[in-house]
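Read off the chains here:
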Amino acid sequence: MTNEELKAIITEILPTATFEEGGQWLTINIEPVDWKLLAGQLRQEPSLFFDFLFCLTCIDWKTHLTMVYHLDSTKFRHNIVIKSKLAVDNPSIETVSDIWQTANFHEREVYEMFGVNFINHPDLRLLILPDGWEGKRPMLKDFEDPINMIRL
Amino acid sequence: MLSFSNISKSIDSGLRATFDATWTMVIEMVIAGVCVISLFAILGLVLVLMERKVSAWMQIRLGPNRVGPKGMLQSLADTVKLLVKEGMTPDGADKFLFNLAPFIAIIVAMLLMAPIAFAKDFQLWDMNIGVLYVSAVSSLMVISILMAGWASNNKYSLMGAMRSGAQIVSYELSAGLSILSIVVLTGSLNLNDIILSQANGWWIFKGHIPVMIAFIIFIIAVTAETNRAPFDLAEAESELTAGFHTEYSGMKFALFFLAEYVNVFIVCAIGATLFFGGWMPFHIGHWEGFNQVMDFIPSSVWFFGKTFFLIFLIMWFRWTFPRLRIDQLLNLEWKYLLPISMFNLLLVTAMAILGWYF
Amino acid sequence: MFIVKYIKDVFSGLKSLAVGLRRTLYYFTHHKEIITQQYPDNRETLHLPERFKGEVVMLHDENNEHACTGCTACELACPNATIKIITKFDISPEGKKKKAIDKFVYHLELCTMCNLCIVACPTDAIKMAQTFEHSVYNRADLTKVLNKPGSKIREGVE
Amino acid sequence: MVEEIGRTTEGDVIINVGPQHPATHGVLHLLITINGETIKKVEPHLGFIHRSIEKMCESLSYRQFIYVTSRMDYLSSHINNHACALCLEKGLQIEVPSRAQVIRVLMDELTRIASHELWWGAMAMDLGAFTPFFHAFRERETINDIMEETCGARLTMNYIVPGGVMQDIHPNFQQRVKDFISLYKSKVGEYDELVTGNIIFQNRMKGVGYLSAEDAISFGCTGPTARGSGVTCDIRKLYPYEIYEQLQFDEILETAGDSFARYMVRVREMNQSIRIIEQLIDNIPEGDFQAKTKAVLKLPKGEFYQRVETARGEFGVYIVSEGGTTPYRIKFRSPGFSNLSALDHMARGSKLGDLVAMMGTLDLVIPDIDR
Chain A
1 MTNEELKAII TEILPTATFE EGGQWLTINI EPVDWKLLAG QLRQEPSLFF DFLFCLTCID
61 WKTHLTMVYH LDSTKFRHNI VIKSKLAVDN PSIETVSDIW QTANFHEREV YEMFGVNFIN
121 HPDLRLLILP DGWEGKRPML KDFEDPINMI RL
Chain B
1001 MLSFSNISKS IDSGLRATFD ATWTMVIEMV IAGVCVISLF AILGLVLVLM ERKVSAWMQI
1061 RLGPNRVGPK GMLQSLADTV KLLVKEGMTP DGADKFLFNL APFIAIIVAM LLMAPIAFAK
1121 DFQLWDMNIG VLYVSAVSSL MVISILMAGW ASNNKYSLMG AMRSGAQIVS YELSAGLSIL
1181 SIVVLTGSLN LNDIILSQAN GWWIFKGHIP VMIAFIIFII AVTAETNRAP FDLAEAESEL
1241 TAGFHTEYSG MKFALFFLAE YVNVFIVCAI GATLFFGGWM PFHIGHWEGF NQVMDFIPSS
1301 VWFFGKTFFL IFLIMWFRWT FPRLRIDQLL NLEWKYLLPI SMFNLLLVTA MAILGWYF
Chain C
2001 MFIVKYIKDV FSGLKSLAVG LRRTLYYFTH HKEIITQQYP DNRETLHLPE RFKGEVVMLH
2061 DENNEHACTG CTACELACPN ATIKIITKFD ISPEGKKKKA IDKFVYHLEL CTMCNLCIVA
2121 CPTDAIKMAQ TFEHSVYNRA DLTKVLNKPG SKIREGVE
Chain D
3001 MVEEIGRTTE GDVIINVGPQ HPATHGVLHL LITINGETIK KVEPHLGFIH RSIEKMCESL
3061 SYRQFIYVTS RMDYLSSHIN NHACALCLEK GLQIEVPSRA QVIRVLMDEL TRIASHELWW
3121 GAMAMDLGAF TPFFHAFRER ETINDIMEET CGARLTMNYI VPGGVMQDIH PNFQQRVKDF
3181 ISLYKSKVGE YDELVTGNII FQNRMKGVGY LSAEDAISFG CTGPTARGSG VTCDIRKLYP
3241 YEIYEQLQFD EILETAGDSF ARYMVRVREM NQSIRIIEQL IDNIPEGDFQ AKTKAVLKLP
3301 KGEFYQRVET ARGEFGVYIV SEGGTTPYRI KFRSPGFSNL SALDHMARGS KLGDLVAMMG
3361 TLDLVIPDID R
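Quick note, the sequences are listed as chains A, B, C and D, same order.
Sequential numbering of the first sequence, starting at 1, is according to the numbering used here.
Sequential numbering of the second sequence, starting at 1001, is according to the numbering used here.
Sequential numbering of the third sequence, starting at 2001, is according to the numbering used here.
Sequential numbering of the fourth sequence, starting at 3001, is according to the numbering used here.
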């Protein structure tokens, strides 16, 4: 499906979504509150059928965090990127681990590395960091570890 | 001629000339005990080295080749290392049972030595129920494993012990049934009688296909009974780290290790006795010249040759096959080996009654 | 038929096992297939390929001269801060001050043999050596000074 | 962990598989709840060798960060490097000479074979057969020797630079690869004899660890893990990079979805890699092995994503650039991390011995999961 068609369908689902083109794939910017609704539609809508979440990550822009979801469809082979801005203090977004089960682990990783709170996540615990980790989230830009981090 | 039976007879008569009957008995028992323990040590050293060489050559490696000529002393070096290692007892373990278990393993292995005929007229105890004794005592082995697994206070150990319990108890059956088929053919439980009945040919040749099937079942069942791969579920390195002896170290571990190898030796000795005629030389019908040449080879060489061939078979299995899963292991026994060996026993019985063997 | 299938199962199973046993017996009896290299004994015959990345060395010719200008390209290229170049100023016979290396410090314990410094070097002063036995008893021994004492830059290298 | 133990019901036992356990091939820690021999739950605990490579890369320049990725999935380190280089070339719009492209693909496929060889041996070892491990290593060593001769290292090659490869291939390269192909072809039959055809092995693998196609996609499984369930996910076919679209090879698909299907996919994939190598080895075009690039690379502002197929599945590099000499944020989408997340789903209800078979067929490389 071409980007234009994708745009049309997604606008229908979520009129507030804004689009960005010029990158590798069509990028859709949304508000965090709309994500759950859009995600369910992206997965279920037969003409979209985005069933493969191949990358889920977060970017720390210091002023805000951006959640980035890369979606692929195993049926139509079209890809889109969803981006959603989160506030720096107490960032939170709905989980999509019930829609794409791979999000379970990826969201746990983002949770411990960036401190993003995934609402309704079934098992939001530390996955990589040791039990009882306290202090800053390691992947944030202002994280400092005087012992283990070596600056060149 | 120098043979084991002549040596033992001359020692016996020498002792009888100097001591009275009771003291002779005591001294002979001590000598026998010392001999068995030293045989243990030698067997441990030889079999470990053999296993390492067999595995190495199958795995296109060289194997131990540094300690001593061609690596002959490697297992001695390992023994020394194990001897000087600290034997730790875990804090939460049942200390008494934990320390007792390896000794039970080794005592069971020692007891099993009694009825084996190592050479012509050379046997520790020529009892009339030799076969029964062997199968009865060998099932005691499971007690030491269960004891070790329970006392270690480790989940892996416990699981290994439980697996091994299920395994040994069920494989006893088909091992017993395949032994029975030879008992049926000879009509005796005495190991010496069984050997003598094979003077005109070994049972594996005399008994046609049914005895061969019995032999295959026997070798599978004893491999399982001695917890050797592909039936090493009690240890199952990749699943249970080391199974029932996870917590053992130093000499206590070495005793388990030794008991395993001695057990392998014993079951192979029994197999050689039952199916390959023990110390009986290889005879072919009426080829008198050939038979005389065969008789010239000492009986102990025949016995150890056959036993080591069977040991090689078991090692060969170990280094070729993957491990079974616990339910497949029990399936194999109850759905395949047991029915086949029962049917086979029926065949052998019919064969024995009708006299359809050489 | 159940019985026929049962017997077939048993025989096909035994056959597959026999095939495996034959393969291991082949290797058991064919010792020429053994591929073990007896490492410390074959040091004389063990030749590593010339591209093998063992450690960074600096090339010196017979006059104890090297080609390092001290441009720190390698230091910048290194991802782990393995290389530290300490420069000094030589006074040339004409009385001109000239920058040259004092010490080319190389931390072997940090090096990942990525070859980026060699690629970055404009004068080919350093290269990878084929050594691989790097164990030492003291950690400080892994920090090496690559330029030999008294060495100086070769004439004509800029 | 303590509250976890409190949550179990009567008769359940929690055992720790790992961090030091022979079957986890590294420092993976699985907290498994079992009842008797039956697994009720598998819970991975990661991070024992988490080096935060993503964070590390933020302070390295674009030339430097490539070598770090070798340390992630060290068995397909070359393919990881390749992905990074492709991503950079996409951003910098560098035209890679065709010679370099062919060399890269050749190396990729050699790496893939080497990785699958190691997996094959380790997999058999997990199931209790020790001998195949050494037989697999015989072939793998040959590849490692080829790598050593051309790239200068056996495992973490760092042979790829943005715009091409670091050095031209060694003069012996073609001959040695051909020797390897003939060696491989003469020995591959042994694999069937020793392992694939073995009745014990087949019983251990068939019907174990079933993963349906829908679940495979939902859990983000890629590579042989998903292809064993019948999901077409070979990036080389779907989103061809380098010269893969000009090559003749098949995407291996098995539909059974069990451990044996995953096993067969990997074994058959090795033959496809051999096929690719055979097509290319005599047709390496003449020319440069490296494009001319600036000494200091500056990626334009923007986001770049590159997907490649490693030996374990889809590997993704996501670079967010602010226009500077270092990346602003790098995300590595590692195949092992997603594949591992399906383990719990697969393992429930099977036996403890099956867990080992499943982990074997997932082909877990722990640094790849932890990053």
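Please keep in mind that the hints were generated in silico from the structure rather than gathered at the bench.
Since the model is a prediction, treat every value here as computed from it, not as a measurement.
Incorrect hints may appear among the rest.
Claimed, not checked - As a list, the in silico SDA-like pairs of lysine to any residue whose alpha-carbon atoms are at most 20 Å apart:
| id | chain 1 | residue 1 | chain 2 | residue 2 |
| --- | --- | --- | --- | --- |
| 1 | C | Lys2005 | B | Pro1339 |
| 2 | C | Lys2088 | C | Leu2108 |
| 3 | C | Lys2127 | C | Asn2080 |
| 4 | B | Lys1335 | C | Lys2015 |
| 5 | D | Lys3187 | C | Thr2036 |
| 6 | A | Lys141 | D | Lys3351 |
| 7 | B | Lys1206 | B | Lys1155 |
| 8 | D | Lys3351 | B | Asn1331 |
| 9 | B | Lys1155 | D | His3050 |
| 10 | D | Lys3294 | C | Ala2120 |
| 11 | B | Lys1335 | D | Lys3206 |
| 12 | B | Lys1155 | D | Lys3206 |
| 13 | C | Lys2099 | C | Asn2080 |
| 14 | D | Lys3298 | A | Asn90 |
| 15 | C | Lys2127 | C | Pro2149 |
Claimed, not checked - Between beta-carbon pairs, the in silico distance windows are:
| id | chain 1 | residue 1 | chain 2 | residue 2 | range |
| --- | --- | --- | --- | --- | --- |
| 16 | D | Tyr3074 | C | Leu2108 | 15 to 23 Å |
| 17 | A | Glu21 | D | Val3296 | 27 to 35 Å |
| 18 | C | Asn2138 | D | Thr3232 | 21 to 29 Å |
| 19 | D | Arg3268 | B | Asn1099 | 36 to 44 Å |
| 20 | D | Val3188 | A | Asn29 | 47 to 55 Å |
| 21 | A | Ser92 | C | Lys2103 | 37 to 45 Å |
| 22 | B | Met1212 | D | Gly3189 | 47 to 55 Å |
| 23 | D | Tyr3074 | C | Thr2087 | 47 to 55 Å |
| 24 | C | Leu2025 | B | Gly1305 | 14 to 22 Å |
| 25 | A | Glu21 | D | Gly3323 | 18 to 26 Å |
| 26 | A | Glu5 | D | Lys3292 | 18 to 26 Å |
Every residue gets a Cβ at the ideal spot worked out from N, C-alpha and C, and that includes glycine.
Hint check results:
1. C:Lys2005 <-> B:Pro1339: holds, 15 Å
2. C:Lys2088 <-> C:Leu2108: Violated - the C-alpha atoms of Leu2108 (chain C) and Lys2088 (chain C) are around 23 Å apart, more than 20 Å.
3. C:Lys2127 <-> C:Asn2080: Holds. Lys2127 (chain C) to Asn2080 (chain C) sits at ~17 Å (cutoff 20 Å).
4. B:Lys1335 <-> C:Lys2015: holds, 19 Å
5. D:Lys3187 <-> C:Thr2036: Given that 20 Å is the threshold and the Cα spacing comes to 18 Å, the pair holds.
6. A:Lys141 <-> D:Lys3351: Violated. Lys141 (chain A) to Lys3351 (chain D) sits at ~45 Å, over the 20 Å cutoff.
7. B:Lys1206 <-> B:Lys1155: Between Lys1206 (chain B) and Lys1155 (chain B) the Cα gap is close to 49 Å, so the pair fails against 20 Å, i.e. violated.
8. D:Lys3351 <-> B:Asn1331: holds, 14 Å
9. B:Lys1155 <-> D:His3050: violated, 29 Å
10. D:Lys3294 <-> C:Ala2120: holds, 12 Å
11. B:Lys1335 <-> D:Lys3206: holds, 19 Å
12. B:Lys1155 <-> D:Lys3206: violated, 28 Å
13. C:Lys2099 <-> C:Asn2080: Given pair Lys2099 (chain C), Asn2080 (chain C) is violated - Cα atoms ~25 Å apart, limit 20 Å.
14. D:Lys3298 <-> A:Asn90: violated, 34 Å
15. C:Lys2127 <-> C:Pro2149: holds, 19 Å
16. D:Tyr3074 <-> C:Leu2108: 15 to 23 Å: Since Tyr3074 (chain D) and Leu2108 (chain C) have Cβ atoms about 21 Å apart, the given range 15 to 23 Å holds.
17. A:Glu21 <-> D:Val3296: 27 to 35 Å: With a Cβ separation near 30 Å, Glu21 (chain A) and Val3296 (chain D) satisfy 27 to 35 Å, so the hint holds.
18. C:Asn2138 <-> D:Thr3232: 21 to 29 Å: With a Cβ separation near 56 Å, Asn2138 (chain C) and Thr3232 (chain D) fall outside 21 to 29 Å, so the hint is violated.
19. D:Arg3268 <-> B:Asn1099: 36 to 44 Å: Violated - the Cβ-Cβ distance for Arg3268 (chain D) and Asn1099 (chain B), about 53 Å, lies outside 36 to 44 Å.
20. D:Val3188 <-> A:Asn29: 47 to 55 Å: Between Val3188 (chain D) and Asn29 (chain A), where Cβ atoms are some 51 Å apart, the hint holds.
21. A:Ser92 <-> C:Lys2103: 37 to 45 Å: violated, 54 Å
22. B:Met1212 <-> D:Gly3189: 47 to 55 Å: violated, 29 Å
23. D:Tyr3074 <-> C:Thr2087: 47 to 55 Å: violated, 37 Å
24. C:Leu2025 <-> B:Gly1305: 14 to 22 Å: Check passed, 18 Å falls within 14 to 22 Å.
25. A:Glu21 <-> D:Gly3323: 18 to 26 Å: Holds, since Glu21 (chain A) and Gly3323 (chain D) (Cβ atoms, about 20 Å apart) stay within the stated range.
26. A:Glu5 <-> D:Lys3292: 18 to 26 Å: With a Cβ separation near 41 Å, Glu5 (chain A) and Lys3292 (chain D) fall outside 18 to 26 Å, so the hint is violated.
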